Structures are given as structure tokens and as C-alpha cells.
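Line order of the protein sequences matches chains A and B. Once you know that position 97 of the first sequence is 96 in numbering that gives the first Met the number 0, the rest is easy, because the numbers rise by one and skip nothing. Once you know that position 283 of the second sequence is 282 in numbering that gives the first Met the number 0, the rest is easy, because the numbers rise by one and skip nothing.
The reader is advised that the hints may include incorrect statements.
[To be verified] Derived, one-sided and incomplete: chain B residues facing chain A with beta-carbon distance under 7 Å:
1) Asp38
2) Leu39
3) Glu81
4) Arg266
[Stated by the list, open to error] In silico BS3-like cross-links for lysine-lysine, where the CA-CA straight-line distance does not exceed 27 Å:
5) A:Lys173 with B:Lys50
6) B:Lys45 with A:Lys177
7) A:Lys177 with A:Lys148
[Said to hold, decoys possible] Stretch by stretch, here's where chain B covers chain A in the computed footprint (C-beta under 8 Å, at least three residues):
8) 111-124
9) 224-232
None of these hints come from the bench; they were simulated from the model. These numbers were taken from a predicted model, which means no experiment stands behind them. Every residue gets a Cβ at the ideal spot worked out from N, C-alpha and C, and that includes glycine.
Chain residues, written in single-letter form:
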Amino acid sequence: MPESDSWKSTKQHLIFNNNTEPETLDVHMMTGSPELRLAISLFEGLTSLDPGNLIPRPGVAEDWKISDDRTVYTFRLRENALWSDGSGLTASDFVKSWERALSPATGGAYANLLFCIRGAEAYFKGQETDFTTVGVRAVGTHELEVSLKSPCSYFLELTAFPTFYPVRVDMVEKHGVKWMQPEQLVVNGAFKLSEWAPRQHVILVKNEHYWDADFVKLKKATALPLDDLNTAYQLFLKKEVHWLTGIPQARVEEIRRHPDYFVTPFFGTYFYRFNTTRKPFTDSRVRRALCLATDRREITHHILKSGQLPISTLCPPISGYEPVGGLTYDRDAARKLLADAGYGEGKLRFPPIEILYNTSEAHKTIAEAIAQQWKRNLGITVSARNVEWKIFLNDTKDLLYQVCRSSWIGDYGDPSTFFEIFTGDDGNNRTGWANAKYDELADLAAKEPVQAKRLEIFAMMERILVEEDCPIMPIYRYVNEGMLAENVYGWYENIRDVHSLKYIWLEGE
Amino acid sequence: MLTLLKRLLYVPVVILLLVTATFFLIRLAPGGPFSAERDLPEEVEKALNAKFRLDQPMLVQYGAMLKDAVRGDFGPSMKHRERTVRQIIAQHLPPSMILGALAIILALWIGITVGTVSALKANSALDYFGMGVTVLGISLPAFVFGPLLQLLFAMRLDWLPVAGYGAPLQLVLPALTLSLPFAARFARLMRAGMLEVLSEDFIRTARSKGLSERIVVLRHAFRGALIPVVSFLGPAIAAITTGSLVVEKIFNIPGLGREFVESALNRDYTLVMGTTIVYGSFIVICNMLSDLSYALLDPRVRR
Numbered sequence: 000m001p002e003s004d005s006w007k008s009t010k011q012h013l014i015f016n017n018n019t020e021p022e023t024l025d026v027h028m029m030t031g032s033p034e035l036r037l038a039i040s041l042f043e044g045l046t047s048l049d050p051g052n053l054i055p056r057p058g059v060a061e062d063w064k065i066s067d068d069r070t071v072y073t074f075r076l077r078e079n080a081l082w083s084d085g086s087g088l089t090a091s092d093f094v095k096s097w098e099r100a101l102s103p104a105t106g107g108a109y110a111n112l113l114f115c116i117r118g119a120e121a122y123f124k125g126q127e128t129d130f131t132t133v134g135v136r137a138v139g140t141h142e143l144e145v146s147l148k149s150p151c152s153y154f155l156e157l158t159a160f161p162t163f164y165p166v167r168v169d170m171v172e173k174h175g176v177k178w179m180q181p182e183q184l185v186v187n188g189a190f191k192l193s194e195w196a197p198r199q200h201v202i203l204v205k206n207e208h209y210w211d212a213d214f215v216k217l218k219k220a221t222a223l224p225l226d227d228l229n230t231a232y233q234l235f236l237k238k239e240v241h242w243l244t245g246i247p248q249a250r251v252e253e254i255r256r257h258p259d260y261f262v263t264p265f266f267g268t269y270f271y272r273f274n275t276t277r278k279p280f281t282d283s284r285v286r287r288a289l290c291l292a293t294d295r296r297e298i299t300h301h302i303l304k305s306g307q308l309p310i311s312t313l314c315p316p317i318s319g320y321e322p323v324g325g326l327t328y329d330r331d332a333a334r335k336l337l338a339d340a341g342y343g344e345g346k347l348r349f350p351p352i353e354i355l356y357n358t359s360e361a362h363k364t365i366a367e368a369i370a371q372q373w374k375r376n377l378g379i380t381v382s383a384r385n386v387e388w389k390i391f392l393n394d395t396k397d398l399l400y401q402v403c404r405s406s407w408i409g410d411y412g413d414p415s416t417f418f419e420i421f422t423g424d425d426g427n428n429r430t431g432w433a434n435a436k437y438d439e440l441a442d443l444a445a446k447e448p449v450q451a452k453r454l455e456i457f458a459m460m461e462r463i464l465v466e467e468d469c470p471i472m473p474i475y476r477y478v479n480e481g482m483l484a485e486n487v488y489g490w491y492e493n494i495r496d497v498h499s500l501k502y503i504w505l506e507g508e
Numbered sequence: 000m001l002t003l004l005k006r007l008l009y010v011p012v013v014i015l016l017l018v019t020a021t022f023f024l025i026r027l028a029p030g031g032p033f034s035a036e037r038d039l040p041e042e043v044e045k046a047l048n049a050k051f052r053l054d055q056p057m058l059v060q061y062g063a064m065l066k067d068a069v070r071g072d073f074g075p076s077m078k079h080r081e082r083t084v085r086q087i088i089a090q091h092l093p094p095s096m097i098l099g100a101l102a103i104i105l106a107l108w109i110g111i112t113v114g115t116v117s118a119l120k121a122n123s124a125l126d127y128f129g130m131g132v133t134v135l136g137i138s139l140p141a142f143v144f145g146p147l148l149q150l151l152f153a154m155r156l157d158w159l160p161v162a163g164y165g166a167p168l169q170l171v172l173p174a175l176t177l178s179l180p181f182a183a184r185f186a187r188l189m190r191a192g193m194l195e196v197l198s199e200d201f202i203r204t205a206r207s208k209g210l211s212e213r214i215v216v217l218r219h220a221f222r223g224a225l226i227p228v229v230s231f232l233g234p235a236i237a238a239i240t241t242g243s244l245v246v247e248k249i250f251n252i253p254g255l256g257r258e259f260v261e262s263a264l265n266r267d268y269t270l271v272m273g274t275t276i277v278y279g280s281f282i283v284i285c286n287m288l289s290d291l292s293y294a295l296l297d298p299r300v301r302r
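Using the sequences plus the hints, can you model the full thing?
Following this line, the structure appears as C-alpha cells:
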């Protein structure tokens with residue numbers, strides 16, 4: 000909170016770069032950070048994340064009760080929670096919204112986050128057509144009861160995620176696709192949409208009907224869609240933008256010396272996938288040898304140089320989870336493993352391999368460095384090839400590659416957001432790898448109510464993933480880089496890079 | 000008159016061929032509109048495919064697309080699903096056209112001036128300097144020239160805005176960036192054209208009649224010298240209005256160039272069709288007008 004009232008004399012108009020044109024403002028459809036960055040200020044879920052430590056705090060729900068077996072949550076909604084048109088926000092708004100989010104026709108990529116709710120998956124898959132079979136119901140106008148299929152330790156964090164936000168289903172039905180135009184869009188967050196000029200700006204203004212409007216200090220926020228980060232940086236230098244959510248990598252040396260530059264650890268991992276269905280990667284010894292032959296430090300310290308952490312594990316430390324050891328750089332062990340697999344002098348010749356990456360200068364430099372390391376350390380032939388993004392997606396999904404560049408960013412603060420993608424039938428697996436024990440552990444973790452035990456299970460899963468079977472090779476942990484003008488207050492560093500405008504204000508410009 | 004009619008008749012044929020090729024080529028390219036880093040649930044993908052008719056046989060889709068094309072309505076974009084192709088074109092075509100028109104005017108003005116002066120002072124220091132600059136203009140790509148202009152005029156001198164769209168001043172730097180390579184080509188064509196015309200007999204006649212050099216150049220030589228410039232004008236207009244992708248990005252202009260290129264990269268099938276038809280028709284018409292304008296300038300072509 001501000002120490003004095005001096006902020007009241009400034010315009011309270013924040014301008015920031017959102018890096019690209021938002022694809023949509025439909026909370027049930029969105030997937031990318033530019034969209035999520037706007038959604039958390041326009042809408043509010045039952046809970047909302049603390050801006051600093053990201054612990055779920057009361058949002059639309061004033062408080063909640065959790066049953067002893069931790070599967071039934073009863074939320075009490077604030078009576079003063081209103082929509083931006085002044086009408087009351089009720090429990091049935093949540094029921095209708097989740098029904099919409101769970102309908103395949105809505106087109107939500109994140110619909111499966113709702114599957115922790117009893118009956119949600121069956122309804123989504125069309126095995127059940129009656130929505131009342133799904134474990135969500137309005138007990139009263141301001142009381143919502145949610146039954147989960149099994150305890151979910153991070154459920155209150157999910158209710159702060161856009162897929163769980165309420166929308167005005169009546170407006171969606173009335174206006175069709177146009178419901179999110181500024182004239183129609185009814186929201187329940189700290190801000191409302193005032194103008195959306197594609198490729199020019201999105202303007203949010205304070206929502207006076209928001210239950211906590213007295214707390215909100217910003218009057219207006221403009222999000223720019225500049226994908227030319229050099230232009231964005233110039234605007235920052237001219238003090239026409241307060242906050243940059245990304246920096247032009249070509250000028251990183253210069254920017255790093257600027258006092259307004261910030262860099263924080265980020266909840267994402269850069270890694271390589273191995274196509275485990277193709278020789279020689281069918282042999283886990285080969286995959287392990289390649290992991291051992293990679294010096295991640297060289298990449299983070301000599302190529303990236305922004306404080307990225309070299310890692311050999313997938314999931315960052317979160318909610319008490321401590322990553323396992325992983326396979327760190329060990330040239331001799333790598334050579335020995337490759338020889339054990341039958342390759343080397345006097346044995347089979349290791350076939351030439353290729354690293355596939357989507358066109359980008361950064362991916363190229365890393366792929367070339369890794370190819371060089373593998374050549375140097377194992378004496379094998381490695382090349383790198385780039386393809387355009389959509390071809391890359393196609394080739395990785397259809398397993399038309401040998402080794403490919405990958406990344407994953409966690410959606411919520413629980414290790415499952417990283418580990419679930421490598422279960423055998425997950426569409427994001429893309430390595431052809433399936434391990435019955437790993438899948439079994441994933442099921443166990445999903446049902447386990449005791450957090451300490453869950454963390455143990457995750458550690459076992461990670462050991463399989465990055466020490467024993469190695470269908471992937473973790474390389475580094477992302478950082479979040481940007482610039483923040485010194486007169487911006489109430490902006491907290493956090494690992495997920497979420498910054499609700501609700502907490503931000505400006506001091507004397 | 001007959002040529003004009005004949006040429007007009009070609010337009011729909013060319014467009015049909017273009018539309019057909021685009022329709023099949025974009026579908027042959029690997030990856031679809033809904034593939035993403037985060038895999039879509041199977042049910043959602045199915046629903047989206049049904050919504051956009053992608054679950055139907057290719058020929059049925061083709062027929063439906065032709066019908067859409069005739070109606071001029073391709074429905075919603077596959078990427079920005081809440082906006083229709085029509086809306087996107089209506090919103091982003093005007094900025095491209097305004098910027099393109101400005102750039103063309105600038106390019107002609109700079110090109111013709113530099114080219115004429117260079118020709119009249121052929122092989123002088125001035126000529127060498129002018130032609131040297133044009134080589135730079137042709138070889139300096141927009142992604143270098145744009146940021147340089149930004150640095151000089153917006154950052155150092157603080158005369159013009161860095162980027163954005165809406166205020167007239169915001170158009171100056173992008174229009175200049177966009178016009179540079181074309182101004183350079185116009186200058187070289189103008190110089191060559193002028194030199195050629197000046198050596199012709201009718202100019203000698205005019206000079207021997209005792210006309211002043213000014214009148215010789217402006218009244219007699221200028222028209223003929225313009226022919227190479229005009230023949231390049233059609234392709235130049237087309238290239239300027241379709242090739243503004245980089246400039247739009249650097250200066251954050253909400254133009255159609257980026258929508259056009261990104262729609263192909265995104266495999267946004269509906270938007271690809273819409274933007275291709277707009278740009279395709281535009282290019283065909285520009286080329287046709289450019290051909291027709293020879294006739295106005297050069298009596299020998301008028302037949």
C-alpha cells in the first residue's frame with residue numbers, strides 16, 4: 000500500500016507492452032501469456048493469487064469450507080460481488096460458466112484442468128450429456144458446492160486460473176462471437192475493457208462495480224501489442240511505456256546495465272525431446288549418454304548470459320518439491336554408456352543424428368553448441384536443422400524427428416503441471432515414450448491426499464524421467480526479463496510472472 | 000478499347016486460378032490451424048474441425064470456399080476466432096493503403112527528382128553521389144533502415160514519434176522506410192530513361208529550334224523518360240502495399256501486410272483466402288493499369 004496520498008495527484012495511467020496481439024479475451028479459450036496477462040485484471044475467480052507469493056486468497060469467494068476427505072469445497076460468495084454492469088454475481092453464474100468451459104464446442108485448450116471435478120471428464124467426452132452429473136451446484140444464491148473426484152491439493156489455485164473464471168453466459172448467447180467487444184463485454188474483475196483496437200492497443204479502465212474498487216489505484220491501463228521488442232525498448236527509453244514484459248535480445252548487454260532492468264527466475268524449462276521410437280534413441284543408454292555429454296553451464300553462462308539456471312531436472316522447486324539430482328555433465332560416464340550400448344571403436348558406428356528446432360536465432364545457437372558438445376565428447380556426427388513453427392509442431396507431434404528442441408511452462412503451482420505431460424497417453428508427450436510405472440505413479444499422485452507423500456511420488460517420477468529412462472534432456476530454467484520504470488509500485492516479482500493490475504499504482508510522473 | 004475489355008476479362012480468370020492454387024497449397028503445407036505447443040483435447044479439435052468444415056472432403060470444402068469467395072464472406076478467422084475475415088480486412092486494409100500511397104508518392108517524388116538531376120548532370124560528382132545513394136537504398140533492408148530512422152529522428156533529435164498509428168506524424172518514418180528502395184529504383188530508371196530520350200532525334204530538333212533547355216527537358220523529354228518509371232509503377236505499388244510486413248512490425252502499424260503473412264504462417268485457412276484475394280486482385284489491377292498507361296505516354300504502343 001502507498002505510504003502517503005501522493006499517488007492521487009498522478010494520472011494513474013499505466014502503459015505496458017504485452018508483446019503481441021491477444022488472440023482472444025475469452026477466458027475459456029485462451030492459452031498464452033498475453034491473453035492471461037489481461038484476463039487476470041478483467042476477471043476474478045473464486046480465489047485470486049497473492050501478487051507476491053502466489054498463495055490463493057479470497058476472490059469472488061469470501062471464504063470456503065473443505066470437507067474432511069478434502070473432496071467437497073463449499074464456497075461462500077461475496078454478496079457485494081457484482082458484474083461490471085452492476086448486476087449481482089451469483090453461484091449459478093459459476094455453474095453456467097463451467098458448463099460452457101466444459102463444452103468442446105467452446106474450443107478451450109485448458110478444459111482438462113476442470114477434470115479434477117467429479118463427472119467433468121465424462122461430460123466433456125460426451126459420455127454423459129446431463130450437466131447435473133458434474134460435481135458443481137449452486138446451493139444458494141451465494142453458495143457454491145464443488146465435489147472433486149479425488150483430493151486435489153492445488154484446487155484453490157486452479158480456481159484462480161482463467162478457465163475457472165465466470166463469464167456472462169447470457170451475453171455470450173445474445174451476442175455470439177461479438178460478446179467480448181468493449182460495448183458488450185461484461186466482466187467481474189478490477190478493470191473493464193474500454194477499447195480494443197487490434198494491433199494498436201487494448202485499453203482497460205477501472206471497474207467501479209468491482210467489490211474491492213476502493214483498493215484499486217490505477218484508473219487506466221494500456222496494453223501495447225509490440226512484437227518488435229526493439230521498438231518497445233525505445234518507447235521505454237522515451238518514458239512512453241512503464242513496463243516491458245520482454246527485451247530485445249540483441250541489445251541485452253546494454254539493457255542489463257540499465258537500472259530499470261529486472262530478471263527473475265521463471266516457471267519454465269527448456270529441454271530436448273528424444274524420439275524414443277527411432278533408432279538409436281530406442282536404447283535408454285544412448286539417451287542417457289547424450290544427457291551426460293551435455294555441458295549446460297556452457298550454454299547458460301556463455302550463450303544465454305541472463306542468469307538462466309543450468310539444470311538436469313524438469314520441474315522447478317515449487318510447493319515444497321525438491322528436484323532430484325538428474326544426469327549432470329560427465330564425459331567419461333557418457334562415453335562408457337555409449338560403449339555399453341554397442342557403439343564406439345571396434346563396435347557399431349553411431350549413425351549421424353539431427354537436432355530439429357523451430358526457426359529462431361536463440362534455438363539455433365543452442366542447437367549448434369549442443370551438437371558441438373556431442374561431437375567433441377562422444378565423437379558422433381550431429382547436425383541441426385530448423386523448420387517453420389507449424390511444421391515443427393507437426394513433425395514433433397507425428398514423431399518425425401530424432402532430437403527436438405522443447406519447452407514447458409507450468410500452469411499452476413504444483414509439480415503435476417510438469418509431470419503429467421509425460422504420461423503415456425498425453426498429447427503433449429511427443430516422445431513416443433511410455434512407462435507403465437511412471438503412469439501408475441502419476442495416478443497415485445493424483446489421488447494421494449497427503450502432500451508430503453505426493454512430493455515423494457513426484458520425486459520417483461522425476462527420477463524415471465531424467466535419470467533412468469531419459470526421454471527428455473532438461474537444459475536450463477527460463478528467466479523472466481523486462482524493464483520496469485521506477486515510478487511503478489505494487490508490482491511484485493514472482494516465479495509465474497503474473498501481475499494483476501489491481502495492485503499496481505504510479506507515483507509522481 | 001478492345002484490349003482494355005479483353006484484359007478486364009482476364010481478371011476473374013487469374014483470380015480463380017490464384018484462389019484455387021492458394022486453397023490447395025495451404026492445405027498441403029504441414030500443420031493445421033489448430034496445432035499448438037499445448038495440445039488441444041481431441042474433442043475440442045473435433046468440434047473446431049466441424050465448425051470450420053475441415054472434417055469434410057477436400058472438394059466439398061473447395062466448393063464451399065468458392066461460394067464464400069463469391070459472397071465475399073469467409074466467416075471467422077481460424078486464429079482470432081471472434082473476428083471475421085471481413086472485419087480483419089476492413090480494419091487493416093486502410094492503414095496499409097494510406098501508408099502505401101504515401102510511400103509511393105514519396106518514392107516517385109524522390110526518384111524522379113534524383114534521376115532527372117543525375118541524368119542532366121550525367122557523370123558529374125553530383126550524379127555519382129546520387130547513384131551511390133540509390134545503391135545503398137536498394138541494398139539496405141527495411142529492418143536496418145527503419146530502426147536507424149527511429150534512432151535518429153525519434154531518439155536523438157526527438158522530432159518524430161517512435162512508432163504507433165493514428166497521428167499523421169506517426170506515418171512519416173514508416174512511409175520513408177517503405178519508400179526508400181523504390182525511390183532508389185525509380186531514380187535509376189528515371190536517369191536511364193532521361194539519358195536515352197535526350198539522345199534522340201526529336202530532342203535534337205527541339206534544341207536546334209532554339210528552345211530553352213528547361214522547356215526541352217520538361218515538355219519534350221520528360222514524358223518519354225517516364226515510360227520505364229511507369230512500367231515499374233504497377234509492380235512497385237503492388238510490392239509496396241503487400242511488402243509492408245517488416246515496416247508494419249517495426250512501427251506497429253495495424254496494416255494488412257502482417258495479417259497476410261501471419262495468416263499463412265498460422266495456417267489460418269479462412270484468413271489466407273481473404274487476404275490473398277484482396278492482394279491478388281490488387282496486383283492484377285495494378286499491373287493492368289500500368290500496361291494501359293504506356294499507351295497514354297508513348298504513342299507507339301497505342302494500337
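Here is how each hint holds up against the structure:
Below 7 Å, beta-carbon pairs count as interface contacts, and Asp38 (chain B) has one with chain A at about 3 Å; its hint therefore holds. Interface restraint check for Leu39 (chain B): the shortest CB-CB distance to chain A comes to about 5 Å, inside 7 Å, so the restraint holds. Hint status for Glu81 (chain B): holds, given a least beta-carbon distance of 4 Å to chain A, under 7 Å. Against a cut-off of 7 Å between C-beta atoms, the interface hint on Arg266 (chain B) holds, since the closest Cβ of chain A lies about 5 Å away.
At most 27 Å may separate the alpha-carbon atoms for a hinted pair to count; Lys173 (chain A) and Lys50 (chain B) meet this at roughly 19 Å. At roughly 23 Å between alpha-carbon atoms, Lys45 (chain B) and Lys177 (chain A) fall within 27 Å of each other, so this suggested pair holds. For the suggested pair Lys177 (chain A) and Lys148 (chain A), the alpha carbons sit about 35 Å apart, so the restraint of at most 27 Å is broken. Here the segment 111-124 of chain A counts 3 residues with a CB under 8 Å from a CB of chain B, which clears the bar of 3, and the coverage holds.
Counting residues of the segment 224-232 of chain A whose C-beta lies closer than 8 Å to any C-beta of chain B gives 6; at least three are required, and the coverage claim holds.
Taken one by one, the earlier hints fail for this structure only at number 7.
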